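Heads up: the sequence lines are chains H and Z, in that order. Going by this note's numbering, the first sequence runs without a break in its numbering and finishes at 1702. Going by this note's numbering, the second sequence runs without a break in its numbering and finishes at 1702.
Simulated from the structure, these hints should not be mistaken for laboratory data. Where hints are given, some of them may not hold.
What the hints assert, rightly or not - Simulated crosslink set (SDA-like; lysine to any residue; CA at most 20 Å straight-line):
#1 K1376(Z) to V1658(H)
#2 K1662(Z) to K1480(H)
#3 K1654(Z) to E1647(H)
#4 K1376(Z) to I1650(H)
#5 K1376(H) to P1672(Z)
#6 K1617(H) to E1674(Z)
#7 K1614(H) to P1672(Z)
#8 K1480(H) to T1597(H)
#9 K1617(H) to P1672(H)
#10 K1370(H) to K1394(H)
#11 K1654(Z) to K1614(H)
#12 K1617(H) to K1654(Z)
#13 K1654(H) to M1670(Z)
Claimed, not checked - Label pairs and their in silico Cβ distance ranges:
#14 E1647(Z) to A1380(H): 19 to 25 Å
#15 S1627(H) to S1627(Z): 54 to 60 Å
#16 T1597(H) to I1685(Z): 54 to 60 Å
#17 Y1535(H) to R1643(Z): 28 to 34 Å
#18 T1381(H) to K1683(Z): 24 to 30 Å
#19 T1597(H) to E1581(Z): 55 to 61 Å
#20 S1627(Z) to D1585(H): 27 to 33 Å
#21 K1382(Z) to Y1535(H): 43 to 49 Å
#22 E1642(H) to G1504(Z): 21 to 27 Å
#23 G1504(Z) to T1597(H): 50 to 56 Å
#24 E1647(Z) to E1462(H): 56 to 62 Å
Remember, predicted model here, so these are calculated numbers, not experimental data. C-beta: ideal position from N, C-alpha, C; glycine also.
Below are the chains, spelled out letter by letter.
There are 2 protein chains.
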Amino acid sequence: MFRTIEWLDDTREVKLVDQTKLPLATKHIVTSSHERVAKSIKIMEIRGAPAIGAAAGMGMALAAIESKAKTKNNLLDFLRKAAVTLNTRPTAVNLTWATTRMLRVAEAAEDGVDQIVEILVGEGKEIAEEDVRMCQSMGKHALSVIESGFVIQTICNAGSLATVHLGTVGAVVRVAHEKYGGNIEVYAVETRPRQQGARLTVFEFMEDGIDTTLITDGMIGTVFREGRIDCCVVGADRILKTGHVINKIGTYTMAITAKFHKIPFYVAAPMSTIDMETNPADVVIEERDGDEIRIINGKYITVPTTKVYNPAFDMTPPELITAIITDKGIVEVPNKRKILEIHKKID
Amino acid sequence: MFRTIEWLDDTREVKLVDQTKLPLATKHIVTSSHERVAKSIKIMEIRGAPAIGAAAGMGMALAAIESKAKTKNNLLDFLRKAAVTLNTRPTAVNLTWATTRMLRVAEAAEDGVDQIVEILVGEGKEIAEEDVRMCQSMGKHALSVIESGFVIQTICNAGSLATVHLGTVGAVVRVAHEKYGGNIEVYAVETRPRQQGARLTVFEFMEDGIDTTLITDGMIGTVFREGRIDCCVVGADRILKTGHVINKIGTYTMAITAKFHKIPFYVAAPMSTIDMETNPADVVIEERDGDEIRIINGKYITVPTTKVYNPAFDMTPPELITAIITDKGIVEVPNKRKILEIHKKID
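Chain H with its partners taken away, still in its complex shape (with noise of 0.2 Å):
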């Protein structure tokens, strides 16, 4: 199954998909040097929050190895420095907190320097599993709602190249794929302007092996009144305590297709993801470049002087939303109380 990111034990290596050659070209970066990771990560050959997580602690785990500390302490240095140069994204809490975490680890540990290393080389691999297990988990509770012989569309991106393997919607369909001996299908939006849904969630499904027909935004309608979709899955860049979704553009307006087709629409997503603070109101959405919607593979499409308006994200209200897929399990919404519940449960 495709991997987004994983360490080598062998060699002691990191492993990861060059995101920028894709799809046209699947190239692997391998390296043993903390500073390649940072370069990886900063311009974005990986990218996704729980990935570029995995891929600083395993970054730590290199800096480990490539360190030779003698002492503890040489290695603490070491390490410290190897945190700076990993936190190449500043608004990526997924870095600070990997490399953090990676830090009390060292500092906690009552070993000598040999055997510092080895609990390093654990822990970052151990960030990475614990991404899989949640995708995992996200998979088997999103069981009770996926049949076998669904035909499930999704948007964007919210598959293995966002995370470490099995994606947040990518476990929904592949844990389903699994346990239906491949009797799921996928449709995938474009998604415009960027096109991740053409550009990745196509590629790692077919990697994969899973039926997957790719869709323009605009023929939502249509493949939905012909009966070709049995439930929409998205992913969610952040679900307030309301249970309005913020997602990539274009979710809002297939939840209200969908609701008009009476077709179940499922957000999937880890409880981390809950931001109990914002009220619906407050929400800015990103507005972004407008050569993004006028420039495809570095050609115009339209006139270069033309006005654009290019909102990244869009907000989908509760009533639009069958229920939320979490690693925790299935959320019902508008089911404030509920969604309340299960965050105290991981606080």
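Place chain Z on chain H using the hints.
Same frame as chain H, now just chain Z:
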């Protein structure tokens, strides 16, 4: 104002915009050769049923001049050959209709050859003018529903470039824009896969100084929710007597999303678009080559072997349509009787 095709009285030539170069370059073809006009139709330098009808009519006028015939019989022989030459796209009824009309006029004329040539020049111009008047009429009727300050969302290109001058949706926008002193705005939806909104609609409204914003197909829900749009006006490839509208893929999704936001959804089309024969269940939607989705500007945007589904049109049921703006007046739908009545009037 922007004009797709026109007759130059001074030089007795036809001038048309080369649509294959749009929107990155505005080049015109100016010719006195009916064979060159035939080529323009064939390679789609000019396209859209009303526009190619006018091109064929003017092509016949050019042929009459080119013939240098001394007798009416010689002229008719030349014109019959020219009609065959101009009929380069077999399914385009407007071509046959226009060339036949020109031939009938020549056959019926009792004047000398020189006079017949002048009559044909007049008739070719008249075919174009009839289209302009029909569009103008649509635009005037629309004033009863389009108010000053309206922001109008449209999909695909139902503008000048598909007709001789104003367009269908184009007329609604332009007549209101003129009437309200420029106080009309447009949101053009990109319209994947072929991006006619981005390539053509944006271009021609910008040419006329109309404030136009480009968005992608997935953004419609967001712009509705944000209150940016006052109404939608879309074209139609065919309108059934039941009020079902067949139009560019994405129209149906837009209509559902507009209904959800209680935004008026108008269809602008001449009465000649109404098909009194076909039932909704019998409509076959053309499925086009998947490379329209896979390739943009000559480059793959996805895995080349990706399976795609590419319906070119969709069907919007009457309950999602506020009214149809025709050249004969506004028809509220569902209102089968009204469609029948108006249709009877023009039979």
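Hints and how they fare:
Of the supplied pair hints, the one linking K1376(Z) and V1658(H) holds, its CA atoms being roughly 12 Å apart against a limit of 20 Å. Note on K1662(Z) and K1480(H): the hinted pairing is violated, with a Cα-Cα distance of about 36 Å set against a maximum of 20 Å. Distance check on the hinted pair: K1654(Z) and E1647(H) sit about 16 Å apart at the alpha-carbon level, within 20 Å; holds. The straight-line distance between the Cα atoms of K1376(Z) and I1650(H) is roughly 17 Å, inside the 20 Å bound, and the hint therefore holds.
Taken as a hint, the K1376(H) and P1672(Z) pair is broken in the structure, with Cα atoms around 43 Å apart against an allowance of 20 Å. With a CA separation close to 17 Å, the supplied pair K1617(H) and E1674(Z) stays within the 20 Å bound. Taking the CA atoms of K1614(H) and P1672(Z), the gap is about 17 Å. The hint holds against a cut of 20 Å. Annotation: proposed proximity of K1480(H) to T1597(H) is violated, straight-line Cα distance about 35 Å (limit 20 Å).
The suggested pairing of K1617(H) with P1672(H) holds, with an alpha-carbon distance near 16 Å, which does not exceed 20 Å. For the hint pairing K1370(H) with K1394(H), the CA-to-CA distance comes to about 14 Å; that is within 20 Å, so the pair holds. Between K1654(Z) and K1614(H) the alpha-carbon distance is near 35 Å, which puts this suggested pair outside the 20 Å criterion. With a C-alpha separation of about 37 Å, the suggested pairing of K1617(H) with K1654(Z) is violated against the 20 Å cut-off.
For the hint linking K1654(H) to M1670(Z), the alpha-carbon distance of about 32 Å lies beyond 20 Å, and the restraint is violated. Distance hint for E1647(Z) and A1380(H): a CB-CB separation of about 23 Å, consistent with the stated range 19 to 25 Å. The given range of 54 to 60 Å is respected by S1627(H) and S1627(Z), whose C-beta atoms sit roughly 59 Å from each other. Between T1597(H) and I1685(Z) the beta carbon distance is about 41 Å. The supplied range of 54 to 60 Å is therefore violated.
Checked against the hint of 28 to 34 Å, the pair Y1535(H) and R1643(Z) passes, with Cβ atoms roughly 32 Å apart. As the Cβ distance of T1381(H) to K1683(Z) is approximately 59 Å, the hint placing it in 24 to 30 Å is violated. Between T1597(H) and E1581(Z) the CB atoms are about 19 Å apart, so this pair departs from the stated range of 55 to 61 Å. Between S1627(Z) and D1585(H) the beta carbons are some 41 Å apart, a value that contradicts the proposed interval 27 to 33 Å.
The hint said 43 to 49 Å for the Cβ distance between K1382(Z) and Y1535(H), and at roughly 56 Å that hint is violated. In this structure, E1642(H) and G1504(Z) meet the distance hint of 21 to 27 Å, their C-beta atoms being roughly 24 Å apart. Taking the beta carbon of each, G1504(Z) and T1597(H) are about 34 Å apart, not inside 50 to 56 Å as hinted. Checked against the hint of 56 to 62 Å, the C-beta distance between E1647(Z) and E1462(H) comes to roughly 58 Å, which is consistent with it.
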